[in-house]
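Asker: Chains as they are written, first to last, in the numbering used here: chain A, 1 to 156; chain B, 1 to 156.
Source of the hints: derived by calculation from the structure; they are not laboratory data.
Take the hints with a grain of salt, since some may be wrong.
The list makes no distinction among identical chains, and a pair is therefore deemed to hold if it is satisfied within one copy or across any two copies.
With a straight-line cut-off of 27 angstroms between C-alpha atoms, the simulated DSS-like cross-links for lysine-lysine are [unchecked claim]: (1) 3 x 102; (2) 3 x 119; (3) 125 x 139; (4) 47 x 3.
2 protein chains.
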Amino acid sequence: MSKIIEDTARQVLETVPAVMRTIRAEFRSQRSRDLSVAQFRALAYIKNNDGASLSSLAAHIGLTLPSMSKLIDGLVGRGLVTRSSDREDRRKICLQLTDTGKNELEAAYDHTQAFLVDKISSLAKEDLDTVSRSMQILKSLFIADHSEKSTLKTKK
Amino acid sequence: MSKIIEDTARQVLETVPAVMRTIRAEFRSQRSRDLSVAQFRALAYIKNNDGASLSSLAAHIGLTLPSMSKLIDGLVGRGLVTRSSDREDRRKICLQLTDTGKNELEAAYDHTQAFLVDKISSLAKEDLDTVSRSMQILKSLFIADHSEKSTLKTKK
DNA sequence: TATTGTTATACTCTATAACTATA
DNA sequence: TATAGTTATAGAGTATAACAATA
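All chains, please: the whole structure from these sequences, using the hints.
Answerer: Take a look at the structure:
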């Protein structure tokens, strides 16, 4: 039993970085206006957490506050994100996607997904199911508190 | 059928980066002497391609020659790699791991694998099998000609 | 001339520290 | 005092350009 665990861990460690490299390379090859991976992730988070604060975004992406502030500077400057001040707590900022930001995010996502569709389209249905279920299992293990909605913050 | 493919692609796109982030974060947290991911990969490549040239290494890792030269500077300076001149073509250099380099590589790998073992140890055997098979499937798709795969050896 | 590698230089990304404004 | 965010500055990592040595 222990051996199965170790073997699986080794396989994850061998495979995930390789898949990630491919995704990253494909993503980079198509970004029209130099959207970095961190910026892409920021857009995705803001989309799912409309009105998010800079702190919650930084915590989720894993950047420091100053780094995130600068990153957001770039996104605001390019018209992909709006940065307004929070009405309830004026220290905070309220981040939202513009329509352009939504489109840019969707385009980047779609392109990369299309690339993956092409990659896996040769698989038999059985194998697709296996990969699909495996992704769900891994997601449950590796994506823990992703659902930090802006509505239920202020918990102190 | 097409929908299954698209859904699976989307799941891969959502899940793999999250798992990768976790692996990367864990890897970073334990590197004793600031071994970057690129350096780790370079060590792994040199281990599997003893006497490799700088060009072949750069091509494999995906760095330019000057960048790789600098990266190797660091590894040589820290005693993890030796850089001697190739006897048959004196323009080339001959890269090899020192014993320290081998140990450092092995330690970095083992630690990260141990972390993953801990992460997945709560899974039922069925789920472990699913993940394991899924990794094999993805590996066959995403690791085509990279000879880096034998890097991560089975042990214990 | 072409190839292998190094040096010089610059840019991007991210960090830490110090600061302002608000709570 | 504590928290949210910004500005200033520095370091790591990587790129391009120009160069030296060898083929």
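Asker: Name the hints, by number, that the structure is in violation of.
Answerer: none
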